[in-house]
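Chemist: Start from the sequences, fold in the hints, and give me the full structure.
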Amino acid sequence: MSLARLPPRRFSVPLSSSGVLPAAMFALFAAVPVIAAAVAQSYLIDLATRTMIFAIAAIALDLLVGYAGLISFGHAAFIGIGAYAVGILSAHHVADALIALPAAVGGCVLFAAATGSICLRTKGAYFIMMTLAFGQMAFFIASSLAPYGGDNGLSIAGRNTVAGLALLRSDRVFYYVVLACLGVTFLVCRSLVDSRFGRVLRGAQQNPIRMATIGFKIRRFQLVAYVICGAFGGLSGFLLANSTEFVSPAYMSWQRSGELMVMVILGGLGTLSGAMIGTAVFLFAEEWLSDLTENWKVIFGPLLVLVVLFARGGIIGLWSRLSPSVHDG
Amino acid sequence: MMAEALLRIEALRKSFGRLVVTDDVTLEVMPGELHAVIGPNGAGKTTLINQICGLLAADQGRVLFAGEDITALPPEQRALRGLARSFQVTSILPGFAAVENVALAVQARSGSSFRFRGRAAAERALNEPALAALATIGLAERAQVPAGQLSHGEKRTLELAIALAMAPKLLLLDEPMAGISREEADRLIAVLRGFKGRFAMILVEHDMTAVFALADRVSALLYGRVVAAGTPQVVRADPQVRAAYLGEGAP
Chain A
21 MSLARLPPRR
31 FSVPLSSSGV
41 LPAAMFALFA
51 AVPVIAAAVA
61 QSYLIDLATR
71 TMIFAIAAIA
81 LDLLVGYAGL
91 ISFGHAAFIG
101 IGAYAVGILS
111 AHHVADALIA
121 LPAAVGGCVL
131 FAAATGSICL
141 RTKGAYFIMM
151 TLAFGQMAFF
161 IASSLAPYGG
171 DNGLSIAGRN
181 TVAGLALLRS
191 DRVFYYVVLA
201 CLGVTFLVCR
211 SLVDSRFGRV
221 LRGAQQNPIR
231 MATIGFKIRR
241 FQLVAYVICG
251 AFGGLSGFLL
261 ANSTEFVSPA
271 YMSWQRSGEL
281 MVMVILGGLG
291 TLSGAMIGTA
301 VFLFAEEWLS
311 DLTENWKVIF
321 GPLLVLVVLF
331 ARGGIIGLWS
341 RLSPSVHDG
Chain B
10 MMAEALLRIE
20 ALRKSFGRLV
30 VTDDVTLEVM
40 PGELHAVIGP
50 NGAGKTTLIN
60 QICGLLAADQ
70 GRVLFAGEDI
80 TALPPEQRAL
90 RGLARSFQVT
100 SILPGFAAVE
110 NVALAVQARS
120 GSSFRFRGRA
130 AAERALNEPA
140 LAALATIGLA
150 ERAQVPAGQL
160 SHGEKRTLEL
170 AIALAMAPKL
180 LLLDEPMAGI
190 SREEADRLIA
200 VLRGFKGRFA
210 MILVEHDMTA
220 VFALADRVSA
230 LLYGRVVAAG
240 TPQVVRADPQ
250 VRAAYLGEGA
260 P
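If you're matching them up, the sequences are chains A and B in order.
With the working numbering applied, the first sequence corresponds to residues 21 to 349, in that order.
With the working numbering applied, the second sequence corresponds to residues 10 to 260, in that order.
Rather than coming from a laboratory, the hints here were simulated on the basis of the structure.
Small disclaimer: the values here were computed from a predicted structure and weren't measured.
Possibly wrong hints are sitting among the right ones.
Distance windows between CB atoms, simulated [what the hints assert, rightly or not]:
#1 Q153(B) <-> V328(A): 28 to 34 Å
#2 R128(B) <-> V114(A): 52 to 58 Å
#3 A44(A) <-> E192(B): 47 to 53 Å
#4 S211(A) <-> G203(B): 37 to 43 Å
#5 A199(B) <-> V328(A): 44 to 50 Å
#6 R141(A) <-> A131(B): 31 to 37 Å
#7 R141(A) <-> G76(B): 29 to 35 Å
#8 L89(B) <-> A134(A): 26 to 32 Å
Derived list of chain B stretches under chain A, where covered just means 3 residues or more per stretch with a C-beta under 8 Å from a C-beta of chain A [to be verified]:
#9 71-85
#10 101-107
#11 127-134
#12 191-202
The beta carbon of each residue, even a glycine, is placed where N, CA and C say it ideally should be.
Modeler: What follows is the structure, encoded as structure tokens:
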């Protein structure tokens, strides 16, 4: 009963993503370092790394928004908490992933459990406002962390070691670690969606009162979903800090939360692979359009409106309408 | 005293602002009994059902179910204790196949739903009871159709299958015949007759043919009050009921 409701998805959009499209995307990601070397464009590796890192957060957000129907405008807070876990530990000369990663994910789990249990007492627009409020709270706390750079952020001495080994120092190794994390995220979320747990979430999105009257305490399921979503946000933040070797409050600004929502909607809500596509399109468009003009959002904004108006279900929706035989999500 | 009542509502009271919609209602349902609640629109029938199933909290009074005071319990706890309901306005999960609507009701009482792996839609232990419930109400052939694409009458019967899969002790039926054709209503009456004796039911209904065909006892509500209660014959003969609701020449 306590949730922001989205219209139920159209039946033609399959519930789970399987098959061709995600496989093609992962193959493409795997090939990027080779392609980048072939065309001598090393920035492609950076851009693809960034894309995969944000795709992890976007897939988790899609779990929450697309399947549980809970619209969060505070998702960037988890990326920020994960990143700050790396930065703060590193400032204290704790630079091993075996400590930093559990700290990043654990911090997000705690933050999600505490804030989620409060946010989920509200529904609809109020839920959105609560997530936004807690996201801003995290932002201002980060800004006020004077020992860790305050507004200016914090440089990190170098990437985390793994059990004392400098495995992540190579950009190429780091790239494939990120790819593996994305793969795990995608597979875990896909399994979640089809599981008993996921079915309760999907049911509660469609009709929370019906779910309550057949015996489900849906708020507990939604809270667990919120925590899972936050945990993957933490993973994303951990990777982002290692990728940029820098953290700043800007990582958790509300604009960033909004961009994550745009990525998910652009790709197609409730499809998981759409979140990956949306993230890629968003970040590549940002990169290329911002070469054309500083005000690239003037071009990107109307494009987004067109996608939402004419391609219901985002890019995935467009894809499945153009190729109805390919049942993919 | 007769046998212990399955459901006992004691002096239940509910107001919306200054409007009293449930006014000191006391009502008992015996195990296996079909108890009809009749009354004109606005008499407070759905509000009463909502207080029994827990979607609305009563202002005063108690609800006792199977010997337990459930007045303070949330709807999901009441559901797990054997209180199932259908809604006046069809309430299903439109994006799920019919069988999945029912399988979720089975899932709610079959182990933990905090399972994060394995395809729930492929669990035979959930699908078989769900298909059996669909077969009971004659919807087996439509099992794989998205519930949102079923006809209105089929949606009404799907609600019954969901309730059936909850293994209810008491089934709350809020106008199951609303908006369906005479033939569908007759079929539904036959289905409900088949339920009699398996579990108790409260039937809120305008269709007097259904009420008098099925009810063991009838309570008539008027402005939130029980104005008559007893066997269908007694209630039908009650002058207040005749004047307020049945009108002259009613069945």
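Chemist: Does each hint hold? Answer for all of them.
Modeler: Hints, one by one, checked against the model:
1. Q153(B) <-> V328(A): 28 to 34 Å: holds, 32 Å
2. R128(B) <-> V114(A): 52 to 58 Å: violated, 41 Å
3. A44(A) <-> E192(B): 47 to 53 Å: holds, 52 Å
4. S211(A) <-> G203(B): 37 to 43 Å: Because 40 Å falls inside the window, the suggested range holds.
5. A199(B) <-> V328(A): 44 to 50 Å: holds, 49 Å
6. R141(A) <-> A131(B): 31 to 37 Å: Given about 35 Å between the Cβ atoms, the range holds.
7. R141(A) <-> G76(B): 29 to 35 Å: Holds - the Cβ-Cβ distance for R141(A) and G76(B), about 32 Å, lies within 29 to 35 Å.
8. L89(B) <-> A134(A): 26 to 32 Å: With Cβ atoms ~28 Å apart, the hint holds.
9. 71-85: holds (count 3)
10. 101-107: Satisfied; 5 residues make the cut.
11. 127-134: Check passed, 5 qualifying residues.
12. 191-202: Since three or more residues must qualify, the claim that chain A covers the segment 191-202 of chain B is violated, with 0 doing so at under 8 Å.
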